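J.: Sequence lines, in order, name chains A and B. Counting the first sequence from 1 gives a position; the numbering used here is that position plus 920. Counting the second sequence from 1 gives a position; the numbering used here is that position plus 920.
Bear in mind the hints are in silico, worked out from the structure with no lab data behind them. Small disclaimer: the values here were computed from a predicted structure and weren't measured. Hints are supplied without guarantee of correctness; some may be wrong.
Copies of one chain are not kept apart here, so a pair can be met inside one copy or by any two copies together.
[What the hints assert, rightly or not] For lysine to any residue, the following SDA-like pairs were computed, each having C-alpha atoms within a straight-line distance of at most 25 Å:
#	residue 1	residue 2
1	Lys1138	Glu984
2	Lys1078	Val1088
3	Lys1138	His986
4	Lys1078	Glu1067
5	Lys1078	Val1053
6	Lys1078	Asp1123
7	Lys1078	Gly1064
8	Lys1078	Ala962
9	Lys1078	Val1145
10	Lys1138	Pro1019
11	Lys1078	Glu1089
12	Lys1138	Ala1071
13	Lys1138	Leu989
14	Lys1078	Val1006
15	Lys1078	Asp1096
16	Lys1138	Ala982
17	Lys1078	Leu1093
18	Lys1138	Ile1018
19	Lys1138	Ala1000
2 protein chains.
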Amino acid sequence: MTAPPSASRPRALVLLSGGLDSAVCALLARRRGRGVSALTFAYGQRHAVEVERARALGGALAVEEHLVLDLPAGLFPGSALTDPAVAVPRRRPPDRSIPATYVPARNLVFLSMAAAVAEGRGMDEIWIGVNAVDYSGYPDCRAGFIEAFRAVLERGTKAGAEGRVVRVEAPLLDQDKRQIVLLGRDLGLDFALTWSCYDPAPDGRPCGFCDSCRLRRKGFAEAGVECPD
Amino acid sequence: MTAPPSASRPRALVLLSGGLDSAVCALLARRRGRGVSALTFAYGQRHAVEVERARALGGALAVEEHLVLDLPAGLFPGSALTDPAVAVPRRRPPDRSIPATYVPARNLVFLSMAAAVAEGRGMDEIWIGVNAVDYSGYPDCRAGFIEAFRAVLERGTKAGAEGRVVRVEAPLLDQDKRQIVLLGRDLGLDFALTWSCYDPAPDGRPCGFCDSCRLRRKGFAEAGVECPD
C-alpha cells in the first residue's frame, strides 16, 4: 500500500516504550499510512534499558519526531518497577490480583501527556500498544479505560470542543502475544531492538522469570518465531 | 468544626496553582476535615510567579506535604501562557471561542499526575479549584470534563478496580468569582498570597488587562472586598 500524499496523511503520535507491543504498533501506524512520531517516557523505571531501545527503534523507524520526556522523580512511588526495595514478582499472584509491578495511573499520565503533545502540535491521533489478552492484568490496559479516556478528550480539550478530537488508536487490544509476534514479523520488525524484561540481570540480560519475560517467550514460542534473547 | 481524628481523616491532595480559586479550595478541604497535601506544577508558564505564591500558600497553610513538580520543557507548546511569541489577549475573543491562553490538555495532565501521586501514596481524594462560571471558557474547567475524568479513574486504576477509587472534588465548579472571594474571606485566606495575572508587567505587578486579572477584580468588586493588588 502506498501512503497518501503527506499533505493529507494523518499524523500519529505513537507511545513507544521500547517493548514489543509498542514497536509493532508504530510499524502498524506506518503501514496504515500515518506520518509517525514517537513519544517515550523515562520515569525512573528499573528497566531503563527500554528507553535506550526506544531511542534505537525510533531511529530505525526514522520517525518524524521522537520526544523522550523525563517525568519528575517520585511521581510513581511504591511500584516494583520504580522502587528498588520492592521485588519484581517471579510468578503471577495466585489470586489473580493486580501484581506489584502495577504503576498507579501510568498509562493515564502517558496518554494525557501524549494528548497535550498531539493537540499542541496539531497531530491527529495517538497510538498505544496496550493489550488485554496476554498481559499482567493492569486495568489501564483494558478497553474500558481506553474508551473512558476517549471521552475525556472529547469533553476536556479544545480539539474535542471543535469537532476535531485527537483520536486514540489501540490496535493490539484484542490480540494475543502470538498474533503480535506474527504481525511484527510481517511488518519487518527487528525484534532484537525490542526489550520486555522488567528486571534485567546484572549482566544486562533479561531475567527470564518476570511476567513480561514469560509473556514474550510464550508469544515467540507459540508463533514459531525465534526469540532474539 | 473540629476535624475527626487523623486515623480516620480523609487525605486530600489539592492542586494548588497559587491562584485565588485553588487557595480557597485548599482551605475548604481543611474546613471539611481533610488532611491536606498540595501539588503544584511548574510548566514553563509565563506567570511563573504563581509557583512562588503556591509555595508561600503551602507554607501558610502548613500542608502535610507539598510537591512541586517540574514538567518537561516543550510539553505545552503554542499557548500564550507558554510561548513568549504568542501575546496574552487583552480582551475576550469576540466570537466567544476558546482564547489563546488555552493550554492543551493542561488540567488532564495535572489531574492524571495527581491521580498517580494520590494512588501511590494511599490518599483518598484530589481537590481541584476549577470554575465554570467566571472563567475563560476552557473546556477542561467544566463539569463534563470532571465527570469524564472520574470515569477514567474508576476504569483505569487499581484503586478503582478494588472499589476505593480516588475521588475528585471540584467544589467551586458552580460558584461565581464573587462567591469565591466571600468564601475565601470566611475561610481566613490572606488574598495577598494569591496570584492571578497571566502576564505580569516588567515591574512585577499584575497587568490588569488579561482575562484572569479582569475576573479577579470583578470578583473582589462584586464581593465588596478590597483587592490586594
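J.: Now tell me, hint by hint, if it's right for this structure.
T.: Evaluated hints:
1. Lys1138 x Glu984: neither (33 Å within a copy, 47 Å between copies)
2. Lys1078 x Val1088: both (16 Å within a copy, 22 Å between copies)
3. Lys1138 x His986: neither (30 Å within a copy, 45 Å between copies)
4. Lys1078 x Glu1067: Classified as both; 19 Å inside a copy, 17 Å across copies.
5. Lys1078 x Val1053: Classified as between: cross-chain Cα gap 18 Å, same-chain 34 Å, threshold 25 Å.
6. Lys1078 x Asp1123: Neither: 48 Å inside a copy, 33 Å across copies.
7. Lys1078 x Gly1064: both (23 Å within a copy, 13 Å between copies)
8. Lys1078 x Ala962: Between. Shortest inter-copy distance 22 Å satisfies the 25 Å Cα cut-off; intra-copy 28 Å does not.
9. Lys1078 x Val1145: neither (45 Å within a copy, 34 Å between copies)
10. Lys1138 x Pro1019: within (19 Å within a copy, 52 Å between copies)
11. Lys1078 x Glu1089: Cα proximity of Lys1078 and Glu1089: in one copy and across copies (19 Å, 23 Å).
12. Lys1138 x Ala1071: neither (34 Å within a copy, 34 Å between copies)
13. Lys1138 x Leu989: neither (31 Å within a copy, 40 Å between copies)
14. Lys1078 x Val1006: Cα proximity of Lys1078 and Val1006: across copies only (17 Å, versus 41 Å in one copy).
15. Lys1078 x Asp1096: between (36 Å within a copy, 23 Å between copies)
16. Lys1138 x Ala982: Neither. Shortest intra-copy (29 Å) and inter-copy (53 Å) distances fail the 25 Å Cα cut-off.
17. Lys1078 x Leu1093: between (27 Å within a copy, 19 Å between copies)
18. Lys1138 x Ile1018: within (20 Å within a copy, 50 Å between copies)
19. Lys1138 x Ala1000: Within one copy only: 22 Å inside a chain, 50 Å across chains, cut-off 25 Å.
Checked against the numbered hints listed earlier, the structure breaks hints 1, 3, 6, 9, 12, 13, 16; every other hint is satisfied.
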